[in-house]
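If you read the protein sequences in the order shown, they are chains H and D. Residue numbers -12 to 243, in our numbering, belong to the letters of the first sequence in order. Residue numbers 275 to 577, in our numbering, belong to the letters of the second sequence in order.
Quick caveat, the hints were computed from the structure, so don't treat them as lab data. For each residue, glycine too, the CB sits at the ideal point set by N, CA and C. Treat each hint with caution, since some may be false.
What the hints assert, rightly or not - Now the in silico label distances, taken between C-beta atoms and shown as ranges:
{"id": "1", "chain 1": "H", "residue 1": "125", "chain 2": "D", "residue 2": "476", "range": "42 to 52 Å"}
{"id": "2", "chain 1": "D", "residue 1": "475", "chain 2": "H", "residue 2": "0", "range": "40 to 50 Å"}
{"id": "3", "chain 1": "D", "residue 1": "387", "chain 2": "H", "residue 2": "217", "range": "44 to 54 Å"}
{"id": "4", "chain 1": "D", "residue 1": "447", "chain 2": "H", "residue 2": "-6", "range": "37 to 47 Å"}
{"id": "5", "chain 1": "H", "residue 1": "0", "chain 2": "D", "residue 2": "362", "range": "37 to 47 Å"}
{"id": "6", "chain 1": "H", "residue 1": "125", "chain 2": "D", "residue 2": "445", "range": "38 to 48 Å"}
{"id": "7", "chain 1": "H", "residue 1": "225", "chain 2": "D", "residue 2": "362", "range": "29 to 39 Å"}
{"id": "8", "chain 1": "H", "residue 1": "221", "chain 2": "D", "residue 2": "476", "range": "18 to 28 Å"}
{"id": "9", "chain 1": "H", "residue 1": "127", "chain 2": "D", "residue 2": "496", "range": "21 to 31 Å"}
{"id": "10", "chain 1": "H", "residue 1": "58", "chain 2": "D", "residue 2": "308", "range": "25 to 35 Å"}
What the hints assert, rightly or not - What the simulated footprint calls covered on chain H by chain D, stretch by stretch (three residues with Cβ under 8 Å from a Cβ of chain D suffice, anywhere in the stretch; the number is not a length):
{"id": "11", "segment": "122 to 136"}
{"id": "12", "segment": "178 to 189"}
{"id": "13", "segment": "202 to 212"}
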Amino acid sequence: MKYTQGNYRIVKKENLAKNCYDFTIACPEIAEIAQAGQFAHVKINGFSLRRPISICEVDKENGTIRIVFEIRGEGTKALADCNENTLIDIIAPLGNGFTLLDSSKKAIVIGGGIGVPPMVEVAKHYRKNATAIIGFRSANAVILNEDFDSLGANVMLCTDDGTMGQKGYVTTALATRLEQETADIIYACGPHLMLKGIIELANKYNIRCEVSLEERMGCGVGACLVCACKTVKDGKEYFAHVCKDGPVFDSKEVIL
Amino acid sequence: MANLSVNFAGVTFKNPIVPASGAFGFGREYEELYPLSTLGGISTKGTTLEPRNGNPAPRIAETPSGMLNSVGLQNPGIDSFLEHEVPYLATKDTRIIANIAGSTIEDCVETARRIEGSAVDMIELNISCPNVKEGGVAFGVNCNSAQTITEAVRNVTTKPLMVKLSPNVTSITDIAKAVEAGGADAVSLINTLLGMKIDINTRRPILRNNVGGLSGPAVFPVAVRMVWQVANSVSIPVCGMGGVSTWKDAVEMMLAGASLVQIGAALFDTPFAPMKIIDGLNQYLDDNKIENINDIIGKVQPW
């Protein structure tokens, strides 16, 4: 694992939806090596623990990364209060990213809520060969749909209440999509229930699937072992760690 | 530049700063940021005779000025440690402190016995982990059992033996005296304080284990007090830990009587904490025209 720690400048801040923020951060040495699916461990002044936030997009040319996060508590609220030109302390890039196949392959990227951001960098790799299935509770929570559009991906937007896109869950949209055409790989990030449904469909259609998991973290680098998640390898159950062994896992290895 | 070297229970450490067990894995994870040779030593992840999976997640919760953890001694077992980690650490020009634990005295004895003959510099016998149901803290809260387990391990190892004490006791000085009588060469303190955090919306504890060990700046004054009390009660050296985050904390801990200082939770917030503390110690000694760090150990002047 190659990573670095430092204070980096927020060069752009946007409020994407209620309680959802988008920071572009100038950090050339991180952008140089960051991969889709990896995360940044962000220090917030006044709080004991860093917050792991997935990397939404990497711009190697401009030496920036984008992180998109939701206010979930006091810590992320304080982070959201940071403004452009503020320096924030991050350790990145951390964890293992998604396995990217040849960009001519057909990929389906699926995100639920705040699980959508890490899918942008994946969709950027496949562009028109990507189908982005993104789901939100309601129209006012929708984020990043235009990013997927501008990348040329086929976007299937779902909301639980039908206020935007098609009404229903991403799993329903995925089932519909797979009835029409197969895919070479599925990538997913979101709530466990959603991931469970996706993994079942991936198994049914025998499609390779990678999922990104989330867990409360300490060190972020694999030293403290707090972010345990149940996995199975060679038929044997064991606790892997989201920060070092993940956050991306082969769907056949995870126990949700 | 002052002399930061300390002799601790017969082992020379180039400086007194040691990442604490459980916070630093087996060292590899932080090597991306700085060479391990800059550290006085490393107290490795608590290791048991057999591999352990530890407790279910969530295993961590944030608290005011601290954190709770309930990892529950997840580790690959002593044989894996000796085969994969010790040879690697032995090339890093730093002292290896093997932190060991067990559910029974026999397990601890066998674990210590297997370490004999390896490149490990010192054993830290953990009789104070609050996150395991059997063993762990059970040995460390009673003078008789603390002395008995220390004696049993003492009998099978020629390595310097340090015993890690629990703060979750009525009198930590009595426990310290008991392990000294049992043949310990040193004591380390404090392990975490047992704590709990509840989500007021779900009404469930954050930790799946319900309770866990509190560490971080919140426990620092408790640790300083206990180090001071123990250092004045035993003749063996004391390794101080518990909420040490800055070089000022390290100086305070040493003035209280610690000859070695371990850094735990601060690493999660500031991975470079050990480096910053070593630099700060140097500066403090230079600024105060103190040539040898040993000259500050136990030099608090109580009222």
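To see whether the hints hold, each was checked on the structure:
1. The hint said 42 to 52 Å for the Cβ distance between residue 125 of chain H and residue 476 of chain D, and at roughly 23 Å that hint is violated.
2. At about 29 Å, the beta-carbon gap between residue 475 of chain D and residue 0 of chain H misses the expected band of 40 to 50 Å.
3. The hinted window of 44 to 54 Å between residue 387 of chain D and residue 217 of chain H is violated, with their beta carbons roughly 33 Å apart.
4. Judged by the Cβ atoms, the range 37 to 47 Å given for residue 447 of chain D and residue -6 of chain H holds: they are separated by roughly 43 Å.
5. A beta carbon spacing of about 43 Å between residue 0 of chain H and residue 362 of chain D agrees with the range 37 to 47 Å that was offered as a hint.
6. Here the CB-CB span from residue 125 of chain H to residue 445 of chain D is close to 58 Å, at odds with the stated 38 to 48 Å.
7. Checked against the hint of 29 to 39 Å, the C-beta distance between residue 225 of chain H and residue 362 of chain D comes to roughly 22 Å, which is inconsistent with it.
8. A C-beta distance of roughly 36 Å is found between residue 221 of chain H and residue 476 of chain D, which places it outside the suggested range of 18 to 28 Å.
9. For residue 127 of chain H paired with residue 496 of chain D, a C-beta distance near 47 Å fails the hint of 21 to 31 Å.
10. A C-beta distance of roughly 34 Å is found between residue 58 of chain H and residue 308 of chain D, which places it inside the suggested range of 25 to 35 Å.
11. Chain D is given as covering the segment 122 to 136 of chain H, and this is violated because 0 residues of the stretch bring a CB closer than 8 Å to a CB of that chain, at least three being needed.
12. Judged by the Cβ-Cβ criterion of 8 Å, the segment 178 to 189 of chain H is not covered by chain D as claimed, because only 0 of its residues qualify and three are needed.
13. Remark: the segment 202 to 212 of chain H is confirmed as covered by chain D, as 11 of its residues place a Cβ nearer than 8 Å to a Cβ of that chain, reaching the required three.
This entry does not satisfy hints 1, 2, 3, 6, 7, 8, 9, 11, 12, going by the numbered hints stated previously.
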